[in-house]
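> Sequence:
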Amino acid sequence: LLTPDQEELDKEINNLRKELRVKVNRLYEAQGKPELKGFNLNPMSAEEMKLINRILEG
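The numbering used here puts the first residue of the sequence shown at 299, with every later residue one more than the last.
Note that these hints are calculated values from the structure, not bench results. Where hints are given, some of them may not hold.
EDC-like cross-link-like pairs, simulated, lysine to aspartate or glutamate; straight-line CA separation at most 20 Å [as the list claims (entries may be wrong)]: (1) Lys321 with Glu333; (2) Lys316 with Glu333; (3) Lys309 with Glu346; (4) Lys316 with Glu306; (5) Lys348 with Asp308; (6) Lys316 with Glu305; (7) Lys321 with Glu310.
Construct the complete structure from the given sequences, taking the supplied hints into account.
Here it is as structure tokens:
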């Protein structure tokens with residue numbers, strides 16, 4: 299029941315992040331500043347976080 303809603307919210311959040319990246323890059327370009335480094339990184343998924351935590355614990 300909640301899974302489809304969560305998936306839809308995740309898609310919307312990802313779209314907003316992509317749009318924000320483009321807007322920030324345009325702003326920096328207009329200001330004559332260099333592009334932000336590391337700004338195009340993607341967040342880790344829940345599964346990736348679980349694996350990292352498992353490695354750190356064990």
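> Straight-line Cα separation of Lys316 and Glu305 no greater than 20 Å?
It holds: about 17 Å lies between the C-alpha atoms, which stays within 20 Å.
> Sort out whether Glu310 lies within 20 Å of Lys321, counting only the CA atoms.
Answer holds: Lys321 to Glu310 is near 16 Å, not above 20 Å.
> Would the hint linking Lys348 and Asp308 be met if the CA-CA limit is 20 Å?
18 Å, holds
> Measure nothing beyond the straight line between the CA atoms of Lys316 and Glu333; if it is 20 Å or shorter, mark the hint as holding.
Holds, at roughly 15 Å.
> Given the hint that Lys321 pairs with Glu333, test it: the Cα-Cα distance must not exceed 20 Å.
Distance ~11 Å between Lys321 and Glu333 Cα, so the pair holds.
> For Lys309 and Glu346, compute the direct alpha-carbon distance and say whether it is at most 20 Å.
18 Å, holds
> Run the distance test for Lys316 versus Glu306: straight-line Cα separation, threshold 20 Å.
16 Å, holds
Hint compliance for this structure: no hint is broken.
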